[in-house]
Amino acid sequence: MQAQRWIVSTLFLAALGAYPHFVPDFWIVSVGAYAIVLGIIALSLTFLAAYGGMISLAQMAIAGAAGYALAIFSLHSASGEVAVLPWPWAVAVAMIVGTGAGLLIGIVAVRSQGIYMLMSTLAIAMILFYLAQQNTTLLHGFDGFRGVAVPSVGGKSLRDPMLFYYLCLACGVLVYGLVIYLVHAPFGLVIQGVRDDPRRMASLGYRVAWHQVAAYGVAGFIAAVGGVLALWYHGGISPGSIGMTATVSVLIAAVIGGLGHPRGAFIGALTYVLIQTFAVDLVGNERFNTLIGLVFLVIVMMSPDGLTGLWRRIRGDQTGSGGVVVTPRQ
Amino acid sequence: MKLLLLATMNGVTLAALYFIVASGFTLIFGMMRVVNLAHGSLYLIGAYIGYDVASVTGYWFLALFGGAIGAALVGVAMQYFVLDRYQGQDLRQALVTIGLSLIAADLLLARYGGMTYQFEVPEFLYGSVPMPIVGGYPTFRLALIVFAIALYVGLWLLVQRTRFGIIIRAGVDDRQMLGAVGINLTRVSTLVFALGSALVGVAGVVGSSALSIAPGEDARYLLSSLVVVIVGGMGSIPGAAIGALLVGLAEQIGLAYFPTYSVVISFVIMVAVLAWRPYGLLGRPA
Amino acid sequence: MINRRLGRLALVAGVATAFSMSAFAQNTVRIGGLATLDGPFVVLGQEAFRAMELAFEEANYTAGGRKIEWIKESSDGRPDVALTKARKLIEQDKVDILIGPMSGGEGLAVKEYAKQVPNKTFVNGFSAAQETTLVSPAPNFFRFSTDGAQWQAGLGTYAYDVKGYRNVAVVSGDYSFGYTQVLGFMSEFCAKGGKVIEKIWVPNGTKDFSSSIARIPAKADAVYVMLGGADAVNFLTQYDQSGATQPLIAGSNVVDQTVLSAKGPFQRRLVGTPSAHMVADEIDTQAYRDYVAQYKKRFPNGLSSPSAPYYGYYVATKAVLAALNQVGGDVGGDQAKFRQALANVKLDTAYGPVRLDENRQAIANIYVTEVARRADGSLYNRPLKVIPNVNQTLGQPKDAFVARGVPSRDNPSCP
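Protein chains in written order, with the numbering used here: chain R, 1 to 330; chain E, 1 to 286; chain L, 1 to 415.
This is chain R alone, in the form it adopts within the complex:
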């Protein structure tokens, strides 16, 4: 049983690795890599939802915070104002900023529960959005950063489609692995205990809020990874990258894929990217939002666990309760 799982997973990874050799450039980067990047950011949301029972709408903003930090310290079209750091240092700064933002936001967010936490994180995301839009000295206001230089690794620029794809794939596998590892480690078990019954965990002596904040920190780290990759993908960042539309798109991707398991984040992200890219060819430019809304609605209504839940049901497994979050089985 375990062995079969390992074989399947390895084959799947091999397929992902072979993918760029069979498809044109556009599919490598703008579908493949981009879906992975969005998937990583969605994973930060799914991680909190599935294992922490917490829905945070601030994840895109956290990814954006890391992106902005990286942009500030990178070479870009308006450089000259702030010091430019060699890219490994700039990335380190971005990761610290993203993780730190996750922790800080967590400290505030865990004071509420359920729908109130959703609202609180949404408000925080809006605050960050408006800060980015209004601050012209450091964050370049409405236009943001453009022409951000992308680093070169071993002489090859990350603009090279294959290299960028493999980088995203590696990062995706790493954060996915991190999540799976954490979930089975004591930390992860405590988090899931807190999700299921915080009072009992508290009575057992665990510091509930501390663990929840730490979970936000982990999610912040994952989102920061996504944010760094997203900055390099777009070659820039602006308030629009972290606004309402962007925030909702991460939620849509995570929910469509299924909030119960980490792979749902990537499945949902891929679905979202495919619809966004090719909806034009299906329903014409204009009604793309209706299509996305309908898909989202149908999935939320029919399958509490998104596409992964649907798949499971087709295969004959039992799904969990009727709630949105399903106890993961590994």
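Among the hints, a few may not be true.
To be verified - Among chain R residues calculated to face chain E with C-beta under 8 Å, some are: (1) Val-108; (2) Ser-112; (3) Ile-115; (4) Tyr-116; (5) Ser-120; (6) Ile-124; (7) Met-244; (8) Arg-287; (9) Phe-296.
The hints are simulated quantities; they were obtained by calculation from the structure and are not laboratory data. Backbone N, C-alpha and C define an ideal beta-carbon position, used for all residues, glycine too.
Given the coordinates of chain R, assemble chains E and L onto it according to the supplied hints.
This is chains E and L only, laid out in the frame that chain R set:
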């Protein structure tokens, strides 16, 4: 001095508008614990339908009814066909209504286009009223205060002095018990939802007369309603009034004195309130 | 299980190949069009695509002896999305030339992308940020429409000389396009000796301008307003209702056709308001009359006269067609010949001649206008004066102009 006075009046009148818009949301959440994130869409629907009614009949007052009825119909349909089956699942309802709002926004865009619409408000409501110190103040904004007060009083009377109000209050306290004593929950839920939606529909017409109808307004009013209702406490009408005042004043005074970051203020208030009093200023846990 | 996965991979590969094969042209030139059809800018986007459609129809979808295939994509005003769509057009749909985008921030993003695709040509649609061509321009990015600062040429002088305003308050959206337009106005107004005594910047997303209006000093002779679309309508209504009496000077977007065509009581405030733009209405030339007649005949559901975005995309498409004709439709290889031809295109449009400077930025006529009412009640921009051949540095020496820095909240300043 003049600026402070103007900014304060602007804040109070804006608060009146926010209260009118948020009252429906808090009623529905308080009674039915439904998180209706398509609230902003209902606002827009009420506004557009009201606009159609006003264009056809030529009477602005009829638009108020048109908006109310239109939004109530859509709201009840939403509740009956979609939301009712997820009773008790906060998060699921939130997600479902997000999906509905995406679709609604796009369909409205398809039907009405991207142009901005403006209501032809009756003459006696348009223009400005001469006032000491500030010179003149827009009549319609003053009318908003009157309307909001009337609404508050009306709702208070409804909730405190009628049998229906007793049922609503009982439902807020303990929904299951209400069903156990023999009240037809479905019928009451539908009525409350209709009332809440009608309120938003009227708010759509009123708000669009003060400002305008355009795509994107749904998201804006949804956010502001959320802030107002959460700050005040979900399910509390007085809470909505207090929340509206806080937010309205903060926004306008902020815009007058430190405009660059004033847009952030209402969200900061919301986060601060949630961190300090997780159920809002006057709210209670379920 | 394994079969299913392999099957899925094969399906993906097959679909991908099918898509890429469908992208191989026979003997067609593929031209991509990028405009904002998403969200509130849909009216502008529709105008943009109308313009391209008409231009292609006039040429019978042929240029340089080859057929033209037109592929449309829509963005929502955000630079990230514009970039993604531009990538799709270039890499997936394999367009040879891309015409667009629509808004300022998108233009900056597409310009940067253009630098990564030196073998394709990008022609701006309507985006009007100054930096797109003035700062670090891309050798394959062409802009046949004028930028936001150019659009205000002549207005500052008119406000000072003809209207007699000496102290002006500015109410503008708090973002780069606002700064650019204000720069265009203040360049001339301040040079003449006028003073801008208060600058009131309104953050994007503000709906209720009443407290911004409250800040307008009583001393101001006039209020220069720079807001877009729905914001402009809101502002005008609230301004009217507040009982304020000071006359207005309008930035270009405030009196664009999309605002003038919106019905409402705010309209009476607009009549008599001076503005300036690359377009105007009711110009007394045959070329203009033909241009409008064509628009109205082809698009009976359109606006009451063609708007600025319409003109921007129209000129861009006409220029591309002209260059294609000149090189016999040769857009293969590095497109050097095509770009050479494009850089030398000189057009005679309904609004006057258009040619490019060394940064591939348009030099064209600007119209100082005044809002007037037609017999049927509709509003239009009556041209008062033509400022010919306005270049990107507004007639000033380039070094001095660039040295003053990018426009911002405090730059320029003349209190």
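Comparing the hints with the structure gives:
Because the beta carbon of Val-108 of chain R sits about 5 Å from the nearest beta carbon in chain E, less than 8 Å, this interface hint is met. Contact between Ser-112 of chain R and chain E, as hinted, is supported at the beta carbon level, the nearest pair being about 5 Å apart and thus within 8 Å. A distance limit of 8 Å between C-beta atoms decides the matter here; for Ile-115 of chain R the minimum to chain E is near 5 Å, and the interface restraint holds. Because the beta carbon of Tyr-116 of chain R sits about 6 Å from the nearest beta carbon in chain E, less than 8 Å, this interface hint is met.
Hint status for Ser-120 of chain R: holds, given a least beta-carbon distance of 5 Å to chain E, under 8 Å. Here the hint on Ile-124 of chain R is kept, as its CB sits about 6 Å from the closest CB of chain E, short of 8 Å. For the restraint placing Met-244 of chain R at the interface with chain E, the shortest Cβ-Cβ distance is roughly 6 Å, inside the 8 Å limit, so the hint holds. Interface restraint check for Arg-287 of chain R: the shortest CB-CB distance to chain E comes to about 6 Å, inside 8 Å, so the restraint holds.
Interface restraint check for Phe-296 of chain R: the shortest CB-CB distance to chain E comes to about 4 Å, inside 8 Å, so the restraint holds.
This entry satisfies every hint, going by the numbered hints stated previously.
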